[in-house]
Amino acid sequence: GESVGLHLPTLSVQEGDNSIINCAYSNSASDYFIWYKQESGKGPQFIIDIRSNMDKRQGQRVTVLLNKTVKHLSLQIAATQPGDSAVYFCAEANSGYSTLTFGKGTMLLVSP
Amino acid sequence: DAGVIQSPRHEVTEMGQEVTLRCKPISGHNSLFWYRQTMMRGLELLIYFNNNVPIDDSGMPEDRFSAKMPNASFSTLKIQPSEPRDSAVYFCASSQQGDSPLHFGNGTRLTVT
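These protein sequences, in sequence, are chains C and F. The numbering of the first sequence is the numbering used here, which starts it at -17 and goes up by one. The numbering of the second sequence is the numbering used here, which starts it at 98 and goes up by one.
Mixed in with the good hints there might be a few duds.
Said to hold, decoys possible - Heads up, incomplete: computed chain F residues facing chain C, CB under 7 Å, no partners named:
id	residue
1	P105
2	L140
3	F188
4	P198
5	F201
6	G202
7	N203
8	G204
Worth flagging that the hints you see were computed from the coordinates, not collected in a lab. From the three backbone atoms N, C-alpha and C, an ideal C-beta is built for every residue, glycine too.
Go ahead and model the full structure; you've got the sequences and the hints to work with.
Spelled out as structure tokens, the structure:
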């Protein structure tokens, strides 16, 4: 069979639904956590970040939740739109952004 | 703001040839990063510079890879000689030093045959 590495986890939602994308991180010493969105043929685009001294941060239509106890990060997108279809990456960083480490990504597919 | 500019957008070359990828960071940003993206390994940091000085090149796969930043507005990543396993999308990113998110270019898709 094909390697797991060839397939991204995929979340399929209907337009207007709320989406939740999850991420488990590995380094309990990480100071910053960041979500990026990557559309086909483009580079990752910054969405929102959160520091380790916070557990929730809200932006426009997006909310990031951080649970340091279980080393879990989630991105919630309200009223998901077709334009939100992309691959979403979580990233963790220690001592600033110089040591940014990316997760494998989740593909979000939004159908009209 | 034009963002991070990378060239070329696509590069197809034969094994053994030299490849040079170019990056122009956002004006005023003093940190520059080179990443490689593949389906198998995801986004991997190759090297980063602060104020034109290489800080950490531990992600550079082997001696065939080299990166330079001769001034604050230009960086190159060179592969010599190139091999088929170097095929990937190479991203350049820049940021202001400190707690500032990375801004990525749109990458160079490299295919080595």
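Check: What are the numbers of the hints that this structure violates, sorted from low to high?
Finding: 1
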